[in-house]
Amino acid sequence: MEQNPKIKLIHNPRFRSLVIQAMLLTAFVVLAGFAISNTARNLEKAGITSGFGFLKEVAGFDVSLALIGYSRSASYGRAFMVGLLNTLLVSSLAIFFSTILGFLLGIARLSGNWLVSRMAVVYIEIIRNVPLLLQILFWYIAILNPLPRPRQALNLTDMFFLCNRGLILPRPVGEPGFIVTPAALLMAVAASAALIRWAGRRQLRTGLRFPAYYTAAGLIIGLPLLALAVTGFPVHWDIPVLKGFNFRGGMTVLPEFIALCLALSLYAAAFIGENVRSGIMSVDRGQIEAARALGHRPGMTLRLVVIPQAMRVIIPPLTSQHLTLVKNSSLAVVIGYPDLIHVFAGTTLNQTGQAVEIISVTMLVYLTISLIISMIMNRYNKKYAIRGR
Amino acid sequence: MTVKWIPGPDLPPPSLETGVWGWLKKNLFSSVPNTVLTLLGIFFIVATVPPFVRWAFLNATWLGETREACTCMAEDAPGACWVFIKVRLGMFMYGFYPEAERWRVNLTLLFFALGMLPILLHDRLARGKAETGLAVLSAIIVFMLFGGIAGSVAALFFLGPFGLSRTDFSGLFAAADGRRIRRAGPLLSGVLVCVAAVRFAESGAGSIAASVTLLLMFGTLIRKASVRTWQWIFLFCIYPFIAYHLLMGDAFGLPFVDTHMWGGMFLTLVIAGIGIATSLPIGILLALGRRSEMTAVRTLCVCFIELIRGVPLISVLFMASVMLPLFLPEGTQFNKLLRALIGVALFYAAYMAEVIRGGLQAMPKGQYEAAEALGLGYWRMMGLVILPQTLRLVIPGIVNTFLGLFKDTTLVAVIGLMDMLGIVKTALADTEWLGFPKEAYVFAAAVYWIFCFGMSRYSMYLEGRFQVKRR
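Top line first, the protein sequences correspond to chains A and B.
Take the position in the first sequence, starting the count at 1, then add 85; the result is the number in the working numbering.
Residue numbers are given in the working numbering: position 93 of the second sequence equals residue 85, and the series is strictly consecutive.
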């Protein structure tokens, strides 16, 4: 049908959509330009040169926890790396603990044991409904700060001490030849992974079963021990000793670290527990009945039928919980744990005033972490999503 | 000849299978591992609950006004010092808001409650119950204005008929016809609110109070379909102005109270309320934009949502407090509270957009086609057909986001605002009251818990209500 020329151009949907988009883009560009020119003028007025040159300058401040070599005379770039590593350290530990605790909670909620499931419900309802920041502050200020001073530290077998400086543990010190042990551990892990793959394939092909998991556990524990024994135990423990007002030797876990890790793990576990519960509940009852009808024992039903199907539902929200946890680790700034935000967007920003660069880099780092995790999740989803639905 | 077979009476079930013992056996001691778990659980409860109860209630100090009242706590029987909370309660609730002006905060919250109640309890609030609610609120107003004695008299007067009509004593009071008093309830409460308004007229807020009273009476007395519309208009158009002038002052003869004096639970509620009220509409627009067919609109929305969702709220707040002033022409003064509000609203709008997008995707295509077939344009199609169904579908997600927002208002303490947590921190630094962090944080946690738990229960109630309607 030919278009009626009398219909005004403004009533043509395509033309209208083009006009709206053009207007929107123009408004966006004008606003962005306005903001950029203002920023440039404001920065000029404050005497701040933009750019990333400041990263090479000397930082001049101390950081209470550094995984890589760091001193006052190190550069801002180095401080950035220290902060980033601290964020990753506390996030990965908290992810580890929260996942384990979360799975336990999810299973406990579904337990036939009335007391256990009630206790899990109470835990989840209390933890979920109290702000995380408050929990972090509670652990740090109300529990860990009032601990006794090093002289009156809580003492466990003269090796572990808990005081207001943190948790003091013996530190393993490797002598020459110690390097063999971690190498053996690495080898054991690689070999176990290969073994499990091989056993799975063989079972699919021939139906013969191989106790791959027990063997793997034996390998991972046995091989490093063997390496230690062969090299003659080249390791000794640096045991902390009270000298004056503080401990010497050993290693100290900062109270900030304990509080943050504890609060993050406990908080995320409550949410993960709910995810796990909904995942397990999503497995159709008929599946379990079918497995029992085939003669599987309860343990095998769980391992071969329930868990694989539940994991498909659990994994996506689980990864997004982990993502939230990484972002929540930025709350470290309130108790002074030297994470990325504290070191970089806090101290460095205050010293240099490079607001635009620092905030954008910080956001970019978190964005990258998010994108990497969600990319992994998408790949997992693609691999395990139910096909044909 | 037939022999009639008479069955003997049934044996009672084994005593271990029924009653308390049966329940215990089934739920707690069904197998050896279960028994072990139960014993472990009991051990855990015994190890944690009694010490906490002893600390929080039995050994705690409730009475007194000074720190000395609490020092009698023995070392071996530690107890909480709730006196600290009692002394600081005003600060925890209102921050540094001048004590003489705190009635303004109360009045603002009261107006909010009045505005929200009919919406929140839509179908619970039948005619009679609406009157009950109004009577309770009137009693509270009287209590706040004229003190305890007048308040309890008013409560008796207003609530008596409702309480009595539900008990068997109502016959005793046949002379005082409960129904007639109930009819008079709204009128009387309106008169009382007017009295309150006149009282405030001395301090200059009379005009506001009187107009609000009229509006409220209008809204509660006329109960027709238009009332619901009116309620929303009141909440989103009239109420913000009233609240702004009431809280900030500097108008109608009220003294000016700057936002840096605001604090405590009051500030938390302000941030959460404004955050919720703004993030939902922005989120809806973003979600619509993300599903738009216009490439430029879609790209902008996707970029915004993904950028915000990928970063922590702290960094957004830092950006709002550090970078926002840089973007504006120099000399532009920018309120710190406003900056935090912009950060919170934009951050949660992105999350809200994703929740609503989920609902939009779940909407069957037929609904769009039907709306188009009726000749509705884009906005009318969305507003009248698609969005009402979508929002109903995603209520749990929306409430979850609200809960997250409420909990995350605590983060504004990081950029120096005195919300509940910020106030707790300053109160702990007071040299006169050193050493009570546990009490302060347990109290704050309890307050937050009540709010969040209530909200999640309310969401369940809403879900149930809408599910019934859909069937």
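Keep in mind that the hints were calculated from the coordinates and are not lab data.
Certain hints may be false.
Once the Cα atoms are required to be at most 20 Å apart in a straight line, the calculated EDC-like pairs of lysine to aspartate or glutamate come out as [to be verified]:
#1 B:LYS399 - A:GLU210
#2 B:LYS399 - A:GLU359
#3 A:LYS412 - B:GLU60
Hints, one by one, checked against the model:
A threshold of 20 Å between alpha carbons decides the hint, and for LYS399 (chain B) with GLU210 (chain A) the separation of about 14 Å falls inside it, so the pair holds. Under the criterion of a C-alpha separation no larger than 20 Å, the hint pairing LYS399 (chain B) with GLU359 (chain A) is consistent with the structure, at around 18 Å. Straight-line distance between C-alpha atoms of LYS412 (chain A) and GLU60 (chain B) comes to about 43 Å, which puts the hinted pair past the 20 Å bound.
The structure is inconsistent with hint 3 alone, although it conforms to all the rest.
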